[in-house]
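Trainee: Listed here are the chains, written in short residue letters.
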Amino acid sequence: MSQIEITFIQPDGEEKTVTVEPGFTLMEAALFNGVDGIQGLCGGVCSCATCHIALDADVLAKIAEATDGEAEMLELLDDHVATSRLGCQISASETLNGARIRIIGTLA
Amino acid sequence: MSSSAPLTGAGINIAGQDQIYDPYEYKLHDNPYPVYKRLRDDYPLFYNKRHDFYAISRYDDCMAALRNFRIFVNKYSTTLEKEIIPGVLPFILMLDPPDHTRLRHLLVNQFRPQNVAPLEDIVRKMARKLLAPHAHAGKIDIIQDFAAKLPMAIICQLMGVREEDEDMLRGWTDDIVHRDDGVSETTEINETGTRNLLGYFELMIQARLKTGEFGEDLVGQLMTFEKEGKLNHAEVLGYLFLITIGGNETTTKLIGNFSWQLWHAKDECARVIADRSLAAAAVEETLRIDGPTQMQARTTSEDFEMYGHVIPAGSKVAVILTSGNRDERHYTDPDRFMIDRHSRDHLGFGAGLHSCLGAALARMEGRIALEEMLDIMPHWEVVEANSHRMHSAYVRGYTHLPLIFTPRSQS
Numbered sequence: 001m002s003q004i005e006i007t008f009i010q011p012d013g014e015e016k017t018v019t020v021e022p023g024f025t026l027m028e029a030a031l032f033n034g035v036d037g038i039q040g041l042c043g044g045v046c047s048c049a050t051c052h053i054a055l056d057a058d059v060l061a062k063i064a065e066a067t068d069g070e071a072e073m074l075e076l077l078d079d080h081v082a083t084s085r086l087g088c089q090i091s092a093s094e095t096l097n098g099a100r101i102r103i104i105g106t107l108a
Numbered sequence: 001m002s003s004s005a006p007l008t009g010a011g012i013n014i015a016g017q018d019q020i021y022d023p024y025e026y027k028l029h030d031n032p033y034p035v036y037k038r039l040r041d042d043y044p045l046f047y048n049k050r051h052d053f054y055a056i057s058r059y060d061d062c063m064a065a066l067r068n069f070r071i072f073v074n075k076y077s078t079t080l081e082k083e084i085i086p087g088v089l090p091f092i093l094m095l096d097p098p099d100h101t102r103l104r105h106l107l108v109n110q111f112r113p114q115n116v117a118p119l120e121d122i123v124r125k126m127a128r129k130l131l132a133p134h135a136h137a138g139k140i141d142i143i144q145d146f147a148a149k150l151p152m153a154i155i156c157q158l159m160g161v162r163e164e165d166e167d168m169l170r171g172w173t174d175d176i177v178h179r180d181d182g183v184s185e186t187t188e189i190n191e192t193g194t195r196n197l198l199g200y201f202e203l204m205i206q207a208r209l210k211t212g213e214f215g216e217d218l219v220g221q222l223m224t225f226e227k228e229g230k231l232n233h234a235e236v237l238g239y240l241f242l243i244t245i246g247g248n249e250t251t252t253k254l255i256g257n258f259s260w261q262l263w264h265a266k267d268e269c270a271r272v273i274a275d276r277s278l279a280a281a282a283v284e285e286t287l288r289i290d291g292p293t294q295m296q297a298r299t300t301s302e303d304f305e306m307y308g309h310v311i312p313a314g315s316k317v318a319v320i321l322t323s324g325n326r327d328e329r330h331y332t333d334p335d336r337f338m339i340d341r342h343s344r345d346h347l348g349f350g351a352g353l354h355s356c357l358g359a360a361l362a363r364m365e366g367r368i369a370l371e372e373m374l375d376i377m378p379h380w381e382v383v384e385a386n387s388h389r390m391h392s393a394y395v396r397g398y399t400h401l402p403l404i405f406t407p408r409s410q411s
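Quick mapping for you: the protein sequence lines, in order, are chains C and A. Residue numbering for the first sequence follows our numbering, beginning at 1 and increasing consecutively. Residue numbering for the second sequence follows our numbering, beginning at 1 and increasing consecutively.
Because the hints were derived from the structure by calculation, they are not lab data. Among the hints, erroneous ones may be present.
What the hints assert, rightly or not - Examples of chain A residues lying across from chain C (beta carbon under 8 Å, computed):
| no. | residue |
| --- | --- |
| 1 | A64 |
| 2 | R67 |
| 3 | V108 |
| 4 | F111 |
| 5 | D345 |
| 6 | L353 |
| 7 | S355 |
| 8 | L357 |
| 9 | P378 |
Every residue, glycine too, gets a C-beta built ideally from N, C-alpha and C.
Model the full assembly from the supplied sequences, consistent with the hints where possible.
Mentor: Written as structure tokens, this is what we have:
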């Protein structure tokens with residue numbers, strides 16, 4: 001499979017489009033490409049929420065649902081929205097090619 | 001990267017620095033924190049002439065280096081030594097993306113908090129079993145009698161190692177991390193420990209290959225990944241090496257360090273005694289203020305400028321995590337142990353892509369250890385005169401930490 005193209009949108013509207021290999025997480029896609037606002041403090045074990053993002057509803061519907069652990073973590077966040085997810089729990093795949101990802105910017 | 005630096009102009013005068021930081025010197029290990037403070041204030045970019053490495057100590061600088069995996073790379077090991085221990089095989093701490101990512105993804109799921117949570121009963125039962133013989137004695141060496149055994153027992157169980165072999169494995173891991181006073185070079189004992197540990201796992205794997213039954217434990221899972229072509233054999237052994245060391249050493253030291261911190265911060269300890277639900281927060285604050293992993297090294301992949309000084313490509317850089325954790329520029333009153341601090345951004349487990357894979361397990365083991373300790377001893381006194389420190393450039397903690405207490409049964 002070819003590289004997946006993802007556009008990250010900062011809270012102030014600034015956009016950055018990056019490419020990532022399939023299988024890498026959205027948190028890693030951001031870190032590999034120097035996208036601000038994604039800290040990835042825990043290294044991807046679903047325990048810090050510093051890769052908090054929001055997806056478009058139609059994209060969200062197409063990917064695997066959040067596990068209980070991820071859902072619990074999201075509920076604890078004051079700034080979570082209906083389409084919130086943790087970037088470290090979503091693998092880049094063809095489904096996400098061209099997706100536009102909003103960065104919430106949750107800090108630890 | 002160095003925006004918080006008050007130093008301007010021609011840049012930092014590396015040549016004129018007092019040589020205040022030598023992580024191999026035993027005398028530093030008793031209390032390194034005043035030295036770290038001086039580094040942060042006076043030498044935010046420090047150069048150690050004798051061992052030829054740089055050191056960074058402010059929170060923002062440590063965090064930036066940990067996140068900047070393209071320039072601060074891991075592939076030349078996360079130690080300051082130029083030589084790695086002969087015989088050590090590749091493991092994720094010594095790899096960079098994309099190899100690091102490929103390997104880490106294979107086991108990341110097993111170490112997520114929700115997948116670690118079902119182990120709670122096993123950890124608690126083991127903690128009780130280890131503490132029970134001391135419950136009425138009024139004294140315990142919390143390292144030798146408890147903390148050195150609990151994490152190893154758990155990780156051995158996860159790997160499928162026989163209970164009777166646990167002490168042997170722990171001995172080898174101690175050999176691997178041992179350094180003599182002031183000596184940075186690896187020694188014969190490090191090499192022997194490495195050979196013994198890897199040899200043990202090789203025999204274990206061969207025995208399972210013979211029967212064709214790999215099992216469901218971590219060894220079995222890694223063997224299956226090898227069979228599926230996701231890992232090569234060296235990577236399987238490298239993973240087992242990392243899990244054994246990582247699952248043992250630092251969690252042991254964490255338990256010792258919170259035993260000391262809570263004894264020292266008596267008011268905060270009283271709160272945990274009164275409200276057991278604060279145990280997790282007490283463990284978290286210990287990870288910040290006195291985390292076992294003091295420092296990890298990176299190597300610069302290209303020239304990099306900090307504080308007006310160019311760190312040449314190929315330099316070793318010590319990232320002093322617990323100095324970042326006590327940085328006044330980031331935390332208020334950083335030398336004070338405060339259970340209510342709830343700092344989740346501390347560097348106790350590192351940060352970024354190489355952040356500790358076993359963090360959730362370590363947090364749980366630490367919390368349960370504290371809860372169970374409180375069950376047999378409502379409070380304790382540390383017998384400092386009889387305590388002994390481990391001497392390592394990287395890990396801070398005790399090898400012996402005697403506690404005396406009035407047994408709960410008599411109080």
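Trainee: If you check each hint against the structure, which ones fail?
Mentor: Failing hints, ascending: 1, 9.
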